[in-house]
Every structure is written in C-alpha cells, then in structure tokens.
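Participant: Residues per chain, in single letters:
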Amino acid sequence: MRSLFKFELYKIFTQKSVWITFLIIFIGLPLLMMFSSSQSIGVTKEHTKAAYEKLEGDLSKERITKLQEELNEMDVSSSTSEEFSYRVTLMKIISEYDAKERINEKKIALEQEMQNISNASGAKYEQLTLEHSMLEKINFNETTYSEGPLGIIAFLGVGTIFTGILLIIGLSTIFSNEATTGMNQILLSSKHGRKKVTSAKLFAAVVYVTFIIGIQFIINIGINTMLYTSQGWSSPIHKLDIFRDSPYAFNLLEYFSVQMMLHTLFALGFAMLILLISSLSKTSVKSIIISSILFILPLILSSFRISGLEDFIRYSYYNMMKVDEFFRFFEVFHIFGTPVLEPIAASIVFTIISIVFTLLLYPIINRKQVS
Amino acid sequence: MKLSVENVSKQFKDKLAVNNVSFDLTEGVYGFLGANGAGKTTLMRMLVTLLKPSSGRILFEGKDIDVLDDKYRDVIGYLPQYIGLYKNFTAEKYLMYIASLKGIEKEQAKKKVDELLEVVNLSEHSKRKVGKYSGGMKQRIGIAQALLNDPKVLIVDEPTSGLDPKERIRFRNLLSSISKDRIVLLSTHIVSDIEFIAKEIIVLKSGQLIHKNSPEILLEHIKDKVWTVTVNENEVPNFQSVYKVGNIVRQNDGVGLRIIAEEKPDARALQAAPNLEDLYLYYFDQEEIK
Amino acid sequence: MKLKVENVSKQFKDKLAVSNVSFDLTEGVYGFLGANGAGKTTLMRMLVTLLKPSSGRILFNGKDIDVLDEKYRDVIGYLPQYIGLYKNFTAEKYLMYIASLKGIEKEKAMKKVDELLEVVNLSEHRKRKVGKYSGGMKQRIGIAQALLNDPKVLIVDEPTAGLDPKERIRFRNLLSSISKDRIVLLSTHIVSDIEFIAKEIIVIKAGQLIHKDHPESLLDKIKDKVWTVTVDENEVPKFQAAFKVGNIVRQNDGVGLRIIAEDRPDARAIQAAPNLEDLYLYYFDQEEMIK
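Protein chains in written order, with the UniProt record's numbering: chain A, 1 to 371; chain B, 1 to 290; chain C, 1 to 291.
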C-alpha cells in the first residue's frame with residue numbers, strides 16, 4: 001500500500017503541466033505582489049507604517065474627534081507622499097471608529113427587537129440572542145498597524161483561483177489517464193488495481209491538496225511579512241471593510257486560522273469531486289473540462305447578478321474556498337429549531353457530500369469494465 | 001487446477017461478441033485462434049475481469065471469479081493486445097509499479113523485476129523511459145509485467161504481433177519454459193508461434209466456439225486437403241482466383257503454392273502434411289478471402 | 001522513375017540509427033527486412049520527409065527530395081506502423097480530410113474515396129467512426145489514405161502486424177494489384193507476406209544495408225543450408241539448443257523442425273528449398289538466437 005501510494009504521488013507530481021502551472025503562478029505571483037506594493041500611487045508602505053506608529057491607540061470618541069479635527073485642518077493642496085500617506089491613514093482610522101459604532105448600534109437595535117418579541121423561547125428570539133451574544137464578544141477598542149496580516153488574509157482572493165487551477169490540472173487526469181493510456185487493462189486485472197489503488201490515489205490527492213495549499217501559505221506569509229512585517233495580528237477583523245458588519249468576534253489571527261482550515265476543507269471537497277468526475281470520464285480532456293466548468297461557471301455567473309442563482313453561486317466551490325462570504329453577515333440555518341451558523345452548517349453538509357463522493361469512487365472503480 | 005467457462009455470452013450494444021461459449025482449461029498452453037472480430041479479445045477480457053459476462057459464469061477451481069474477486073486477480077497475469085504504458089516511467093519503475101499493484105512486497109518485487117528484465121532481455125534498457133521504447137521492446141516489457149506475480153493463469157492477447165522472427169522465437173522458448181503448472185491462453189495470428197507449444201487449440205468464429213482439441217486431432221480434419229505445387233510465375237493469378245492459396249514462396253525452380261482444396265488442384269500437386277495455418281485458412285469461407 | 005538513396009545516415013542523440021546506406025529503387029515491390037531496432041522505420045521516415053538525413057541525400061528522378069519539397073510529397077503515399085486516426089471521424093470523413101491535406105480537389109476526392117473504400121473492402125462501413133474499427137479495418141483505411149493521391153512512391157511500414165491470416169492474404173492481393181508503375185517499399189516481420197510479390201529484398205542490420213537483391217539470388221546463398229527433420233517430441237529441446245530452429249510444426253508422425261545449419265544436423269534430416277524466412281533467420285547471429 002505504501003509503495004502504491006508513493007507511485008500515485010509520483011504520477012501526480014511528474015505531470016509537466018503541474019510544474020508549468022506552479023512556475024507561472026509561484027514565480028509570477030511574488031513578482032506581481034512586490035511590483036504592486038511599490039507602485040501604489042501616493043501612499044507608500046514606509047510612510048503608512050510611520051503614520052500608524054504615530055496614530056495607534058484608543059478608538060475612544062474623544063480621540064477620534066481630535067483626529068477628525070486634525071484631518072479637517074490639513075492642507076490638501078500641497079501633498080508629499082508622507083503627508084498623503086498620513087492623511088489616508090487618518091481616514092482609515094476614522095472609518096474603523098465608524099465600524100465600531102455600527103456594532104454598538106446593531107447591539108442596541110437587537111436589544112430593542114428582543115424586547116418586542118413576547119415569546120422568549122421562540123426560534124427568532126434564540127437567533128437574536130445568539131447574534132447579540134456574538135456581538136458582545138467583539139473587542140474593538142484600539143487600532144494598530146496590521147498591514148501584514150491584512151495582506152495575508154486578502155491573499156485568498158487570488159489564492160482560491162490558484163488552488164482551483166492546480167487541483168484541476170493535477171487531479172483531473174488521476175483516473176481518466178488510466179483509460180487514455182490503456183493502463184486500465186493492467187490495473188483493473190491486478191489484485192490491488194481496483195480497491196487499494198483507489199485508496200492510494202485518494203491519499204495522494206489529499207497530500208497534493210495539502211501541498212499546494214502549504215506552498216501558497218508559505219509564499220503568502222513570507223512575502224507579506226517581508227513587505228509589511230507581521231505586526232498587528234490581534235486587531236479585530238472589523239478593521240477590514242468587508243467585515244464591518246460581521247458578527248464574528250475574531251481577531252486577524254483567529255480569522256486567518258479559520259480561513260485556512262475552511263479553505264483546506266473545501267479544497268479537499270473539491271478534490272474529491274474532481275476525482276469522481278475523473279473516474280467517470282473516458283478521456284482526460286472531458287474530465288478537465290467538466291471540472292473547470294464547475295469551478296469557473298459560478299465565478300462568471302456572479303458578475304451577471306442573475307436572480308435565482310444566488311444560492312448556486314454562494315455555495316459554489318469557488319465561493320466556499322474563498323471563505324470570506326461566510327463571515328460578512330449574520331446568517332443562520334435552523335436545524336431542529338436550533339439556529340446553526342452558516343459556516344458551521346456548510347462545513348458539515350459539504351463534508352458529508354465529500355465523504356459520499358469518496359465512497360462512490362470504490363463501487364465505480366470496482367465495477368469498471370474495459371471494452 | 002481448472003478454469004471453467006460456463007455458457008458465457010457477452011452482449012455489447014450492437015453486437016453479440018461472445019455467444020454461449022463453454023470450455024475448461026487445465027495446466028498447459030492453449031492456442032486461441034480466430035479472425036479479427038471473432039470475439040477473442042472480449043473473451044480474454046472476461047477471463048481477466050475487465051469485462052463481466054452478460055450471462056454465464058467463469059469458475060476458477062470451482063468458484064465464481066466474480067466472488068473470488070481480488071483473490072482471483074492475485075493469480076492471473078494479463079498481457080493486453082495494446083499494452084498501456086506511462087511514457088515517462090523507466091522500465092524498472094514501471095515494473096515496480098505493477099508489482100505494487102499486484103501486492104508484491106518491495107524486496108521481493110525488486111528481485112523479481114531484475115529477473116524478468118533479464119528474461120525479456122531488457123536489463124540494459126531498464127533505466128530508459130518506456131516512451132522511448134520500440135514496438136518490440138514494449139511488447140517484451142508487457143510480457144514481463146504479466147509474469148511479475150508468477151501467475152497461475154496467464155492470458156496473453158497477440159503477444160507476438162510486432163515482434164521480429166528472432167524475438168518471436170525467443171518468446172516461444174520463454175513460454176514453453178514457464179508453461180508447466182500454469183494455464184496459459186494465447187491468441188495469435190501467426191499460427192506457427194504456437195503450433196508446437198500448444199496442448200490444445202481453441203477456435204472461435206463469430207463469437208462461437210467451433211473447436212477445442214489437441215492440434216493432432218484438429219489436423220486430422222484436413223489431413224488430405226493440403227497440397228503443394230510448384231508452378232510457373234504467370235500461373236499464380238489463375239490459382240489464386242480458383243483456390244484458397246495460403247503461402248506463396250519463391251523457389252529456385254518456380255513459385256511454390258500451398259493450396260487448401262478438397263480435391264487435387266493440379267496434376268503436379270503433391271499432398272502435404274497439414275499444419276495449423278492450413279487449418280486456420282480452411283475455416284475461412286471462400287468469399288471472405290476474396 | 002527512380003528513387004535514389006545516397007550515402008544516407010541518421011544520427012540520433014545516442015544512436016546511429018542508419019549508417020551510410022545507398023540503394024536505388026525503381027518500379028516494383030521491395031521487401032524491407034530487418035530485426036526490430038535495425039533502422040527500418042527511421043529510413044522509411046527519411047524517405048517520406050518525416051526525418052532529415054544527418055548526412056547523405058535522397059534523390060527522386062535525380063532531384064533532391066528536400067528541394068522538391070511539396071512536389072515530392074505530392075507523389076508519395078505513406079502508411080506508418082501505428083496509424084494516427086481521429087477516433088470520432090467516420091471513414092469517409094477521415095479520407096476526405098486526408099484528401100484535402102494532399103491537395104485533391106473535392107469532386108475528384110469524393111470519387112477517389114469511393115473507389116478506394118471499395119478497393120479496401122470498407123464501403124459498407126464508410127459511415128462508421130474509425131474509433132470503432134478493428135485493427136484490420138484500421139490497417140485497411142490506412143492503406144486507402146496512402147493511396148489517395150495515386151502515389152508514385154508508396155512506403156508501408158509493417159502493414160500486416162496484427163492482421164489475421166485472411167486479412168493478410170487480402171492485403172497481399174491488394175498490394176500486388178496496385179504495385180504496377182509504382183515504387184513500393186514494404187517492411188514486415190512476416191516474411192511470407194512478401195515472399196512472392198517482392199521484386200527485390202532489402203536487408204538492413206544495425207543500420208547498415210547488408211543485402212539488396214532478387215529473392216532468387218538471395219535464396220541461392222542459403223540453398224544447401226536449410227533442413228527439415230521429423231523428430232520425436234522429446235528430442236525438440238536438444239535440437240533447439242544445438243541449432244537455429246525456425247518453424248516447429250506438429251505433424252501426424254511427430255514434430256517437424258526446420259533447421260538452418262551449414263551441415264546436415266541429423267541423419268534423418270533432408271534438405272529443403274529455402275525461403276525468405278530462412279534467410280532472415282540465417283542472418284541472425286548465433287548468440288542472439290539462443291534464448
């Protein structure tokens with residue numbers, strides 16, 4: 001079994017197309033990131049860091065009022081890069097305070113709504129309590145310099161596409177290639193060529209998924225730390241515009257951990273779907289095309305805003321691997337009357353689906369005929 | 001040891017490829033003859049579990065191979081007609097991979113791979129990628145992979161096509177040296193390859209078993225129907241249009257024809273000892289030869 | 001018409017596949033014999049411009065085929081050992097495609113395709129996808145495509161491998177019916193397929209031309225070296241170990257061996273008329289043969 005597994009790994013990793021994609025992505029990507037960080041107009045990373053060092057601290061009302069006055073008094077016409085960076089940083093901090101205020105307002109609104117509900121044990125009430133208690137835990141009293149962590153978290157925007165492409169290229173051919181090369185005749189008539197080889201391919205696929213996510217993890221952290229330092233992991237995610245309304249009391253480090261976990265989970269799920277498609281395809285080309293469509297179609301459709309397709313897009317592998325959509329707003333499913341948070345529910349459901357896909361592989365391969 | 005084929009049929013969408021075939025195989029080499037499209041490959045694929053019979057069953061030592069499953073696959077070796085290879089594997093790595101598919105542990109596999117590379121005369125090319133191999137070399141690596149697990153049942157589908165005469169003789173000698181204690185079923189179009197080594201000949205025509213017997217008995221059927229005649233070169237087309245002409249050879253004294261005919265085809269013709277190729281030709285319909 | 005190979009060599013990275021080969025071909029069928037790896041396919045590929053000689057040149061009617069370029073490709077037909085087919089093309093569509101590659105205009109191509117499908121006996125399967133064809137049918141469609149442009153020079157690489165005896169006989173008849181006024185070069189391992197139809201036999205060994213002659217003169221060389229002997233079954237291994245044994249056939253009265261040997265191998269042995277397969281075996285080194 002171990003040697004079979006090693007061979008399956010060997011087969012995945014000796015595909016030229018995999019390495020070519022690797023090279024394009026992982027040599028092109030760092031270059032691109034460094035290029036874009038040095039080119040943003042006006043704001044430079046050095047001056048931003050300096051500005052934060054001056055401005056970090058309390059997000060109290062008094063302090064923000066003072067900062068707002070400072071901003072109003074600044075001379076907008078003469079603007080060196082240093083002044084410009086300082087001004088942008090000021091604006092960012094003021095908007096962070098707005099986000100903090102929004103959370104407080106939301107809490108008050110929830111409390112009112114709860115008072116208006118007479119039945120204190122209903123599902124609606126439970127849901128409100130849940131959201132309120134989550135908001136309670138958010139600790140948003142300070143602002144710090146967190147450009148590094150923010151860059152690391154933002155990486156999945158492109159990272160998801162890389163993961164998807166590498167999964168499709170590396171795994172689509174895993175079963176279909178045996179049909180294309182004629183090796184099926186030998187595999188399927190060998191003792192371990194139906195069951196154990198399927199397990200070996202599965203494990204090899206898992207290792208491959210871990211590997212490509214691992215590599216991206218290292219590059220992502222390496223480059224962002226190099227460019228921006230690794231300070232500021234303890235800031236809340238609400239600092240980010242897309243998470244202004246998030247009910248989750250994560251700091252950046254916590255969110256990053258959750259993000260990587262879910263990304264890996266859904267990437268594994270997608271890998272299992274690719275394997276299933278590959279096992280059902282007679283040619284590698286078909287297998288690659290079908291997998292690619294399943295991955296890319298929701299991405300394309302999302303830009304058309306067609307009504308009725310929202311759920312299809314929301315629960316597409318692309319969207320789920322990107323993770324962030326799950327944490328922007330308060331979304332729950334009511335399962336047996338209990339409100340379950342969307343990311344938890346989605347993880348459970350998709351884990352089950354992936355397990356089903358995996359288990360389906362065995363009878364498919366076991367019954368396979370060559371004609 | 002016994003492999004029994006019991007009333008096996010295989011229906012494809014548009015064709016009944018194998019039609020109610022039954023026979024038993026025991027230790028020894030069986031030559032499997034039949035025109036292209038007669039169902040040989042389909043039947044062989046059923047014998048190695050690549051296809052399931054539409055009806056009937058195949059028993060190994062009295063047990064259904066479908067039930068034996070992995071246990072049956074453990075005792076078979078198969079060389080398909082067109083062997084699948086991973087182009088970027090070296091011969092050695094390829095055989096090690098097949099060995100692990102067959103569940104042979106690493107140490108033993110290494111020994112076996114070395115041994116078989118020697119047997120098929122590929123030792124010096126063991127580090128070359130199989131994608132760079134010639135047709136004959138691919139065939140030989142195919143033979144090696146089929147023998148890795150010391151199979152009790154060896155199924156080889158046209159192993160000699162593409163081999164040159166030298167390689168064919170080597171293969172024939174290899175096969176006769178390993179066929180003791182094994183069931184070997186070998187299909188071929190070059191009848192002389194199995195003429196001597198086959199214990200029995202199985203003849204399939206349009207999916208149906210038409211003969212299974214020892215070569216001697218089969219040859220009895222046509223013993224007074226094979227003729228040789230030496231003719232002038234310009235007489236050849238005439239003979240070709242009237243008779244089933246098998247071999248045509250150039251000789252110092254003219255052109256030697258081998259003719260299958262019920263009656264003496266020409267005054268000069270001499271009766272010849274029939275061989276399996278004659279038998280093969282005998283079973284073709286006249287019109288098929290054209 | 002003359003196709004002339006002049007001092008042609010082909011060097012691959014690690015191997016001299018063809019070494020300084022020269023010969024002339026004129027109208028008629030040439031049988032091309034040699035062990036696998038001897039350089040047959042390489043030489044044939046050079047003759048159809050798939051490979052360029054590392055040195056030497058090939059002349060068609062006195063002009064370098066490299067210079068003639070398209071003009072030369074217009075007069076050749078080639079059937080490779082492993083024919084490339086588009087699985088989802090029907091036979092008819094496949095041939096029409098090759099016809100347009102060969103620059104045959106549509107009206108004429110349609111006629112020619114019909115005609116050739118008839119010749120290779122595939123008319124009734126013309127609408128079937130070639131992916132569903134059997135090996136023999138693929139070989140026949142291969143022959144048809146090679147003949148589409150009525151080639152003056154036809155190069156066929158092991159066309160009979162995988163064909164059953166019936167198909168081989170049909171192929172032999174087909175070839176002798178089309179070989180008039182053409183240069184046909186045909187490689188094969190089944191020597192009996194060309195024994196009768198070949199005007200000359202070209203034998204290549206380790207990249208070098210070792211013989212090119214009429215079958216009769218070639219056979220003359222081994223005329224007293226071929227023996228047949230009928231022995232008892234258990235004597236066979238002994239003979240195999242001591243002599244070059246070609247065919248082994250079962251006969252009613254024992255086992256018939258065909259032996260190539262300088263001297264009479266056994267008291268019971270009688271001399272036999274040599275054929276080309278004997279010639280083939282004769283040129284193997286003794287050491288190569290054993291085992």
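Note that these hints are calculated values from the structure, not bench results.
All residues carry an ideal CB built from backbone N, CA and C; glycine is no exception.
One or more of the hints may lead you astray.
Pairwise CB distance ranges (calculated) [unchecked claim]: (1) L360(A) x E216(B): 48 to 56 Å; (2) N88(C) x E263(B): 16 to 24 Å; (3) N238(B) x E233(C): 35 to 43 Å; (4) K127(C) x S214(B): 40 to 48 Å; (5) L101(C) x D74(B): 28 to 36 Å; (6) K205(B) x Q208(C): 27 to 35 Å; (7) N238(B) x I364(A): 55 to 63 Å; (8) S214(B) x K2(C): 47 to 55 Å; (9) K106(C) x F312(A): 46 to 54 Å; (10) M261(A) x F12(B): 25 to 33 Å; (11) M34(A) x K13(B): 28 to 36 Å.
Result set (SDA-like, lysine to any residue): computed pairs, CA atoms no more than 25 Å apart in a straight line [unchecked claim]: (12) K286(A) x D224(B); (13) K196(A) x D70(B); (14) K132(B) x T181(A); (15) K52(B) x R2(A); (16) K223(C) x A269(B); (17) K13(B) x G103(C); (18) K93(B) x R2(A); (19) K282(A) x A269(B); (20) K138(C) x S284(A); (21) K127(B) x I365(A); (22) K138(B) x D24(C); (23) K13(B) x T351(A); (24) K199(C) x N247(B); (25) K13(C) x D66(C).
Participant: May I ask which of the numbered hints given earlier this structure violates, with the numbers listed in increasing order?
Facilitator: 2, 5, 6, 10, 11, 12, 15, 17, 19, 21, 22 and 23
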